[in-house]
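There are 2 protein chains.
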Amino acid sequence: MDVRRLELLRELAERGSITEVARATHRTPSAVSQQLRVLEREAGLPLTEKAGRGIVLTDAGRALARSATDVAIALERADALWDEFRHDPTGEVSLATFPTGGQMLLPGVLHRLAGQSGLTLHASDRDPVSEGFPDLTNDFDIVVAHAPSRPPSLWYGRGLSIVHLITEPLDVALPPGHPLADQASVSPSDLIGEQWIGVPWGYPFERTLYDISAAAGAPVNIVQRFADTRVTEALVSSGLGVAILPRYTAGGAYLTSDSLPRVALKPLSGMRAERHIYALMRPDRAERLAVRTIADLLRAEADAIREANPTRS
Amino acid sequence: MDVRRLELLRELAERGSITEVARATHRTPSAVSQQLRVLEREAGLPLTEKAGRGIVLTDAGRALARSATDVAIALERADALWDEFRHDPTGEVSLATFPTGGQMLLPGVLHRLAGQSGLTLHASDRDPVSEGFPDLTNDFDIVVAHAPSRPPSLWYGRGLSIVHLITEPLDVALPPGHPLADQASVSPSDLIGEQWIGVPWGYPFERTLYDISAAAGAPVNIVQRFADTRVTEALVSSGLGVAILPRYTAGGAYLTSDSLPRVALKPLSGMRAERHIYALMRPDRAERLAVRTIADLLRAEADAIREANPTRS
DNA sequence: CCTGAACCGGTAGCGTTCCTACATGGACGT
DNA sequence: ACGTCCATGTAGGAACGCTACCGGTTCAGG
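Note that the protein sequences, when read in sequence, are chains Z and E.
Numbering follows the working numbering, in which position 27 of the first sequence is assigned residue number 174; successive positions increment by one, without gaps.
Numbering follows the working numbering, in which position 184 of the second sequence is assigned residue number 331; successive positions increment by one, without gaps.
Rather than coming from a laboratory, the hints here were simulated on the basis of the structure.
Warning: the hint list may mix true and false statements.
It does not matter which identical chain is used: a pair holds within one copy or between any two.
[Said to hold, decoys possible] No more than 25 Å apart at the CA atoms, straight line, and that leaves these computed lysine to any residue pairs for SDA-like:
1. K197 - R233
2. K197 - P176
3. K197 - L307
4. K197 - E239
5. K197 - S360
6. K197 - E231
7. K197 - L444
8. K197 - F232
9. K197 - R151
10. K197 - S164
Let the hints inform the model, and build the full structure from the sequences given.
And the structure:
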């Protein structure tokens with residue numbers, strides 16, 4: 148039983164097709180197929196079965212793939228151990244984040260990282276359009292994701308390592324001269340009749356809009372829908388409506404001219420409106436010293452942001 | 148970082164010399180040396196250093212070897228998992244035991260095993276002369292050992308898997324017509340003045356003789372010393388002295404003629420006299436389904452023996 | 001119904017890897 | 001000083017895993 152073969156089985160379990168595994172591991176599909184065939188012969192029972200054009204794992208195959216994860220974890224832990232012996236968290240770490248998460252965390256992380264030479268972070272942003280955001284952990288060491296509720300139950304089933312980074316309040320963004328802008332906080336009933344700048348269907352903050360609607364007992368009137376909070380913020384700033392925006396990322400430095408007015412962020416009273424930001428990692432990758440270092444930096448930066456913003460719920 | 152190389156490092160940590168590792172893994176010393184050299188180059192720091200004719204591991208080498216154990220455990224667990232999927236605890240298990248341990252447990256275990264075909268047990272006995280009994284775990288899947296005290300602290304340091312099988316009382320063996328043979332139990336002071344059949348220096352029960360001597364406040368008079376309990380028992384049976392014998396193994400069926408009288412076993416009162424019997428396994432080997440099956444049989448047989456002998460402490 | 005796309009699997013051949021056989025060199029004991 | 005033991009180099013051979021290429025199957029669309 149070879150570890151490399153087990154690793155292939157594991158990739159197959161996570162990616163679902165031999166071609167995808169081949170692409171991810173820089174091999175030919177034929178090579179992958181051959182190795183899996185050898186593994187199956189060693190196992191003595193079928194690990195895959197045909198399903199249409201592709202194949203699916205049998206129960207035995209899935210179980211074996213799970214144990215392959217434990218092997219990978221032990222291996223990466225050994226790797227990390229001797230990295231520690233060299234005091235050398237060197238290497239490359241890839242990171243994917245949703246846009247506002249990167250905006251909030253990456254500047255600080257990269258500044259902290261400037262001290263640590265030899266450790267390079269390749270970050271890129273992805274739109275959290277699809278529900279398959281956790282799938283990115285197959286291709287990135289760290290995936291910064293967010294969810295409205297505390298434990299994203301869907302993620303646990305995949306055995307992902309989950310690090311909670313920060314809980315970010317979702318505020319109501321108002322134009323500067325808005326009547327409600329003088330209040331310390333606004334309640335859902337205050338907002339009846341407002342025009343809303345929302346997000347596209349299925350996007351993150353939609354749930355909060357529903358909650359407001361339910362709490363106020365009146366529908367929210369969504370006149371525009373944008374995925375990019377910069378657009379939303381520009382519209383709110385121009386007095387075209389109100390919106391839900393995350394507290395630590397809205398009102399930032401991305402307005403082109405300093406003379407332009409910003410938005411007023413007001414906490415929502417009488418209801419819970421927040422999003423939880425997590426770092427997701429495949430458990431084997433989470434063992435790498437370089438990955439753990441970056442994860443620690445992310446958490447440190449998130450803590451700094453939380454402390455710099457006094458709680459005014 | 149290859150698993151096979153890590154495994155070699157682990158073997159080196161346990162066996163101490165490249166030649167021994169080569170012999171154990173059916174390779175040439177040169178091959179072992181080459182692979183360790185590659186591993187060292189990958190690690191980027193020295194794993195071994197010369198010591199006289201041989202080599203010793205550096206601290207880093209030992210640490211890496213420890214993590215290699217975790218990898219081996221994960222691998223064996225995967226192996227066992229798919230054995231379970233096939234409902235097939237097949238394979239060969241090697242076992243080493245001290246003589247009376249084998250006498251007590253092996254007949255029952257082998258009978259129980261007769262039902263399970265495809266699983267073969269290769270057992271052999273070793274004299275527990277040396278202190279290096281746990282070293283046998285390198286060459287045997289299961290080592291049945293005994294110790295006078297509860298947790299043999301020396302064994303824990305090696306990270307061995309330890310399964311407690313049974314606590315066997317150590318009784319006083321008396322000739323059938325001996326004056327004390329009518330009592331339910333005998334105390335150390337009862338035994339003052341007796342002639343003892345002991346064990347060679349450093350052998351298991353010697354400590355109990357010391358304890359008796361201390362409790363009685365008088366020295367014990369050891370006139371003969373034998374390692375084999377059959378000899379001891381034959382002498383006691385002939386009225387040539389008394390001895391300490393383990394309750395479940397003494398008085399057995401190994402007297403040649405049925406007409407010969409046996410010995411009377413009397414519990415020692417007023418002091419603790421017992422030995423603890425354990426199954427020792429290297430943790431990776433302990434994961435194998437076949438090994439676990441045999442270990443379970445050992446424990447079942449030990450439980451049966453304990454229940455068949457009512458406690459009359 | 002036929003065609004094209006997507007995917008899995010088989011075969012031949014090549015490159016890499018890892019082992020053996022043999023030889024070298026240092027450390028220890030007699 | 002010599003033999004022994006142990007680790008470690010070098011050359012060659014065998015095995016393994018990959019690529020390139022081809023065939024078979026399934027499914028969607030005209």
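Now the hints, each set against the structure:
1. K197 - R233: Classified as between: cross-chain Cα gap 21 Å, same-chain 47 Å, threshold 25 Å.
2. K197 - P176: Answer is within: at 15 Å inside a copy they meet the 25 Å cutoff, but 46 Å across does not.
3. K197 - L307: Classified as neither: same-chain Cα gap 28 Å, cross-chain 43 Å, threshold 25 Å.
4. K197 - E239: neither (37 Å within a copy, 35 Å between copies)
5. K197 - S360: The answer is neither: 48 Å in one copy and 76 Å across copies each exceed 25 Å.
6. K197 - E231: between (44 Å within a copy, 24 Å between copies)
7. K197 - L444: Answer is neither: 45 Å inside a copy and 41 Å across each miss the 25 Å cutoff.
8. K197 - F232: between (46 Å within a copy, 20 Å between copies)
9. K197 - R151: within (23 Å within a copy, 33 Å between copies)
10. K197 - S164: within (11 Å within a copy, 50 Å between copies)
Violation of the numbered hints given earlier is confined to hints 3, 4, 5 and 7; the remaining hints are satisfied by the structure.
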